Amino acid sequence: MKSILLIDDDTELCSLMQDYFAQQGFRIESVHDGRGGLARSLDGGFDLIILDVMLPVLDGFEVLRQLRKRSATPVIMLTARTAQPDRIAGLNAGADDYLPKPFGPEELLARIRAVLRRTGKPDAAPAQEVESGGVKLNPLTGEAWYLGEALEVTSIEFDILEILVRSSGRTVSRDELTAALYQRRSTPYERSLDVHISHLRKKLEREERTLIRTIRGVGYVFSPGCAEGA
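Numbering-wise, the numbering used here comes out as the position in the sequence shown, counting from 1, plus 631.
Keep in mind that the hints were calculated from the coordinates and are not lab data. These figures come from a predicted structure and were not determined experimentally. By construction, the Cβ of each residue, glycine as well, lies at the ideal position given by its N, Cα and C atoms. Heads up, some of the hints might be wrong.
To be verified - With a Cα cut of at most 20 Å, we get these calculated SDA-like pairs of lysine to any residue: (1) Lys633 - Leu771; (2) Lys633 - Ala703; (3) Lys834 - Gly779; (4) Lys834 - Ser702; (5) Lys834 - Ile794; (6) Lys833 - Val852; (7) Lys700 - Ile719; (8) Lys834 - Pro855.
Unchecked claim - Computed Cβ-Cβ distance ranges for the label pairs, DEER-style: (9) Arg699 - Phe734: 20 to 28 Å; (10) Val849 - Arg666: 41 to 49 Å; (11) Arg801 - Asp674: 40 to 48 Å; (12) Ser804 - Arg701: 31 to 39 Å; (13) Val688 - Lys732: 15 to 23 Å.
Please put together the full structure from these sequences, using the hints given.
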C-alpha cells in the first residue's frame, strides 16, 4: 500500500481525502501546519507528499525548499492562488506537479498515480543505463552524472532528461513530454515544463555547452554534438 503525507490546515478536507484515498488503496497521514509537516516528511517512509501552499507557521514554499535540501520525495502542491507566478514559485522550489483549488478528488488521484508511475521502481527488469553528450543516467536508482560529476536533479527533472537523452538528436514535442510526465496534453499557457527545462539547463551549464535546445513552437531536442564539439 502506497503511503502519502498530506500537509494541509483544512482539517475537513484532510478527513474527506483520507476516506476517499483509503478506498483507492492508499494510506494517508495528515499534518496541519508547515513546521510539523516538514518534520514528519523528513522522517521518511512516504511515497509522495501533498503540500498546501497556505499553511500556518511555515508556508508551503518554505517547507518545500527545506525539504528539497534533504529529500527527493515527490511532491504535489495544492494552491488556492490562481496567479501563475505562485505556481511557478512552487515548481522553482522543486514541486513535481501542482493542482489549483478547488479540485475534484478524481483529478488529484490521476495526478498522484501519474507521479508514482514516474518515480516508482519497475517490477520488470530495470532499464539499462543511458549515456549521451556527457550525461549518464541510471533509471533504476534515479542517479545522474554530467561529465563524471554527480548531478543533483529532482525526480521530474530526471524523467525529462531521460526522455530527451533516449531521444538524442530527435525533437521531442511538448505534447509528447507532457503526456509521458503527467498523462495529459499540454496547454498553451502551462509553464511547468518550461520551468523544469530551465532548471535542467542551468544544472547542465558548462562554458558554451548547450545540450537542450528549444525548437520554437514544437518542443525540445537533446543535442550531444553541441556539447562534444564545445
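Against the structure, the hints:
no.	hint	in the structure
1	Lys633 - Leu771	holds, 19 Å
2	Lys633 - Ala703	holds, 16 Å
3	Lys834 - Gly779	holds, 14 Å
4	Lys834 - Ser702	holds, 18 Å
5	Lys834 - Ile794	holds, 17 Å
6	Lys833 - Val852	holds, 16 Å
7	Lys700 - Ile719	holds, 19 Å
8	Lys834 - Pro855	holds, 15 Å
9	Arg699 - Phe734: 20 to 28 Å	holds, 23 Å
10	Val849 - Arg666: 41 to 49 Å	holds, 44 Å
11	Arg801 - Asp674: 40 to 48 Å	holds, 42 Å
12	Ser804 - Arg701: 31 to 39 Å	holds, 35 Å
13	Val688 - Lys732: 15 to 23 Å	holds, 20 Å
Violation of the numbered hints given earlier is absent; every hint is satisfied by the structure.
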